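**Student:** So you can see what is in the structure, the chains are spelled out below.
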Amino acid sequence: AQSVAQPEDQVNVAEGNPLTVKCTYSVSGNPYLFWYVQYPNRGLQFLLKYITGDNLVKGSYGFEAEFNKSQTSFHLKKPSALVSDSALYFCAVRDIGNDMRFGAGTRLTVKP
Amino acid sequence: NAGVTQTPKFRVLKTGQSMTLLCAQDMNHEYMYWYRQDPGMGLRLIHYSVGEGTTAKGEVPDGYNVSRLKKQNFLLGLESAAPSQTSVYFCASSYSREGRNSPLHFGNGTRLTVT
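Chains as they are written, first to last, in the numbering used here: chain A, 1 to 112; chain B, 1001 to 1115.
Among the hints, a few may not be true.
[Claimed, not checked] Far from chain A, some chain B residues (derived; all Cβ distances over 10 Å):
1) Ser1018
2) Leu1043
3) Gly1053
4) Lys1070
5) Gln1072
6) Leu1075
7) Glu1079
8) Thr1086
9) Asn1101
[Claimed, not checked] In silico contact screen, one side only, chain A against chain B (beta carbon under 7 Å); selected entries:
10) Tyr39
11) Leu44
12) Phe46
13) Ile51
14) Leu56
15) Gly59
16) Arg94
17) Gly103
18) Ala104
[To be verified] Which stretches of chain B does chain A cover? Using the computed rule of at least three CB atoms under 8 Å from a CB of chain A, they are:
19) 1029-1042
20) 1062-1068
Keep in mind the hints are simulated off the structure, nothing from the lab. Every value quoted in this text rests on a predicted model; they were computed, and no experiment measured them. For each residue, glycine too, the CB sits at the ideal point set by N, CA and C.
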């Protein structure tokens, strides 16, 4: 069965600095990988996805993610963090079936 | 365009009571899902549906039942609530034509407390 792991519960960065939120995955077939963001008292919002093709995927709000097959990783990145990026971030994977499985989430705090 | 709407937003139940959570989507999506979110555990899939009249079990189906009588609605039932079912419940939907490419669209959640 597919699964994802987010090794960091919390990531703290200063505004203007680059940020990385880590994700590793395990699937039996080709991975369909996603990143979502959750703001307080709201549902998750889709940021970006990797299907096939370029290993660097660009998404909403200036976020991008790098797919690395050999390391089975799909890390979320942003060149310059904003205070408004502070939120809960989830990595997710869809394998052969139609269900989507999520990581435990990483809380990103961007300090002014 | 409302997207995915969940009702109610909040609910407090006593142990042993029953209730139904309603999810409605207006995007004509074929797939619908119910997740629960607990601190430190992310989202865990309870049940899902790939079309009207069909349902399937997810990771944590015990204690829950679902029905998909209409394409736009997906109901989650708790027959006899337990404190372990205290959680935030999210409904989501996705478009089948994109297959596994399709991201999920989420509602804003239902916060359930079982005392």
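**Student:** If a hint holds in the structure, say so; if it does not, say that too.
**Tutor:** Right, here's what the structure says about each hint:
| no. | hint | result |
| --- | --- | --- |
| 1 | Ser1018 | holds (25 Å) |
| 2 | Leu1043 | violated (4 Å) |
| 3 | Gly1053 | holds (16 Å) |
| 4 | Lys1070 | holds (19 Å) |
| 5 | Gln1072 | holds (17 Å) |
| 6 | Leu1075 | holds (18 Å) |
| 7 | Glu1079 | holds (23 Å) |
| 8 | Thr1086 | holds (17 Å) |
| 9 | Asn1101 | violated (5 Å) |
| 10 | Tyr39 | violated (10 Å) |
| 11 | Leu44 | holds (5 Å) |
| 12 | Phe46 | holds (4 Å) |
| 13 | Ile51 | holds (5 Å) |
| 14 | Leu56 | violated (18 Å) |
| 15 | Gly59 | violated (10 Å) |
| 16 | Arg94 | holds (5 Å) |
| 17 | Gly103 | holds (5 Å) |
| 18 | Ala104 | holds (4 Å) |
| 19 | 1029-1042 | holds (count 6) |
| 20 | 1062-1068 | violated (count 0) |
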